[in-house]
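Peer 1: Sequence:
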Amino acid sequence: MELLFAQANRLLTSVIVIVTVALILYILTYNRRNMVARSFITLLLCVTFVYLVDLIVFPLTSLEAILPWLRLQWVGIAFAPAAYLHFSDALLQTTNAASRWRRWAVVGGYLLGLLWLIGVATTDLIVRDGVATPGAPHLKAGPLFGVFALYYFFTVVWGAVNINRARQRCLTSTSRRRMTYMALSFVAPGVGIFPYLLIASWPGFLPQITFWFLLVAGNVAVLLMLILLAYSVAYFGVLTPDRVVKRRMILYLLRGPMVASAVLTVIVIGRQMEEVIGIPGDLFTLFAVATVILTLQVLISRLMPLIDRLVYREDREEVARLQALDERLLTSTDLRQFLENVLTGLCDLLRTPTGFIAVLTRDGPRLEVVCGPLEPEHVRWTDEEWDALVTLETGRDNGTHHLIPMGDFFLWDGFWLRPLRSKAGDVVTGVLGLSARAPRPDFTPEEQADLETLIAQAEVALEDWHLQHAVFAALDQLIPEIEAIQRQRGRVRYAGVPAVAEPEEDLTTSPDFPRWVKDALSHYWGGPKLSRSPLLQLRVVQGALPDHDGDPVKALRAVLLQAIERLRPEGEREMTRAEWLLYNILEMKFLQGRRVRDVARRLAMSESDLYRKQRVAIEEVARNIAAMEREALTSEAHNEGYEDLQGLPTGARQDGG
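Be aware that the sequence shown starts at 816, since it is given in the working numbering, and climbs by one per residue.
Treat each hint with caution, since some may be false.
[Claimed, not checked] Taking lysine-lysine and the DSS-like style, the derived pairs with C-alpha atoms no more than 30 Å apart in a straight line are:
#1 LYS1344 x LYS1333
#2 LYS1333 x LYS1369
#3 LYS1344 x LYS1369
#4 LYS1344 x LYS1428
[Unchecked claim] Label-pair ranges, simulated between beta-carbon atoms:
#5 GLU1133 x ILE1084: 40 to 50 Å
#6 GLY1187 x PHE1287: 27 to 37 Å
#7 GLY1365 x ARG918: 47 to 57 Å
#8 ILE1122 x ARG1410: 37 to 47 Å
#9 ASP1265 x TRP1340: 39 to 49 Å
#10 LEU1114 x TRP916: 19 to 29 Å
#11 GLU1133 x LEU930: 48 to 58 Å
Just so you know, the hints here were simulated from the structure itself, not pulled from any lab data. A virtual CB, placed ideally from N, CA and C, is assigned to each residue, including glycine.
Assemble the whole structure, with the sequences as input and the hints as a guide.
Peer 2: So, in structure tokens, the structure goes:
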């Protein structure tokens, strides 16, 4: 039984290392810009280091081999008190309770931790000798260990008091609840890494199994409290809704640490199965690990509806609609594949060698799919001819080819053309073209029935696609407002903080910054993506207000133009020179408002190449705006410093110089 508990303790120690590393990676991915999250990472690093050394020394039996590791383990132990104080101070700062004295205490804590570590590494004043107890090797307490223990627990208690103060300053029930979780789980790292065995060895009159039971139970409690603490920290510094954070973290813990821990358990068990069932341990472990990974992935997928019901208790119907939209969304690729199937079916049905379907977009008709020898890049139609296709019902002469009505079809340059309309029949959503096999459509009754079925499918797909684009256009208008709302939701209200107070944030470091620039450029001459852009908050835009009658939209437009002009090479403009490419794309696409096809033709490049180069050009504009923002901030700081200096008495300025 003791051996079983010892193995369980070793396994739990490994799981704690896996979970802490996973939590560090999660916070670095989603919360790295938040000071609370960064300070929590420091605390997790201390926990990880202590438990990792425990794993390393478990199989060692020689005291000479164990002692260096036990002293190295104090890297995590010595800095843990300072990390505790740092974490609690960061929490208080989020409640607008900043303290210069407390910040100095944090710095002093890290310096003191360095002194404790040097003392452990070079002297026997804090720890000495060592005991190679199987499964629980430890050092012995030195003369100053009691002083360290008092310092350790005093700092942990101080941190707990700070967290309680932060909790009392919360005004909303949600923030108070999260602070309560934090207060309840705050002691977990300290409980887990303090070297208790240095104070007193295990009493001889108590059974050894009791020691192992307490050790295992303690590690289970530490593991659960660490997850609860990280769950509370995960909400700091993120702009996404709470339900998204909750679901994302649950899935991460299930697919990451839980699967890794299960695999580790299988590996540990697999090493012992050779003696039990006679199968080579490596072979058993290989198949068992693969089985566990696949089984858990299927199980997690099957549990997703239950997890969603738990996470989205109050918004279940709305979230279900969003998930249904995500699953049934018809993307451009989906549309193209579907239309290819329809067009192939039509060509096979009518035994025609060539066919095409053109989609009508805001930029004009676009050849979407082709069946047969007619390739998109070899299309002979001019812009005027494409425009004529939009008004096929009129049968007007477009100046090049006459459109001859023939029932529901039109004869045009050797093609039978059929307008694809909406359900109401009043809007043309696309054009079907089939190579004419006869002077007039000569369909048999069976062909006519199948033809109408396939055309109806294409019309429904095109209408749904157009409706979805209308939804996307509405979302494009809503997204800036939604982002502003999310930023406001991230400002937790605390006692003593005015409702209008907002912390400074550097928009140029946001991962969404290039997208904001692209959106503003797409509505350069007016539109919600420009008038409601987050870029209006930039200092460089605010600084341009006096030159544009206080109009923020005009100021932002001027900043965008200046950023584009910074990409303009010197000398006379040329359309086909490589150094002029980015500037030409930006100038024609956004400043002149030309269509993609026109810009691509003017620059002698394909539309796909144009989109790639346009993405690079927008990134360069974003980089220029970020540089302009830094220049504005530097200039502002310089001006403020100059004004402060001018406000000093003459003698004081001379003393400072």
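Peer 1: Each hint needs a verdict: does it hold in this structure or not?
Peer 2: Checked hints:
1. LYS1344 x LYS1333: 9 Å, holds
2. LYS1333 x LYS1369: Roughly 17 Å separates the two Cα atoms, so the pair holds.
3. LYS1344 x LYS1369: 13 Å, holds
4. LYS1344 x LYS1428: Distance of about 22 Å is within 30 Å: holds.
5. GLU1133 x ILE1084: 40 to 50 Å: The hinted range 40 to 50 Å holds for GLU1133 and ILE1084, with Cβ atoms some 44 Å apart.
6. GLY1187 x PHE1287: 27 to 37 Å: 32 Å, holds
7. GLY1365 x ARG918: 47 to 57 Å: 39 Å, violated
8. ILE1122 x ARG1410: 37 to 47 Å: For ILE1122 and ARG1410 the Cβ distance comes to about 46 Å; the hint holds.
9. ASP1265 x TRP1340: 39 to 49 Å: 48 Å, holds
10. LEU1114 x TRP916: 19 to 29 Å: Check failed, 52 Å falls outside 19 to 29 Å.
11. GLU1133 x LEU930: 48 to 58 Å: 56 Å, holds
In terms of the numbered hints stated before, the structure departs from hints 7 and 10, listed from lowest to highest.
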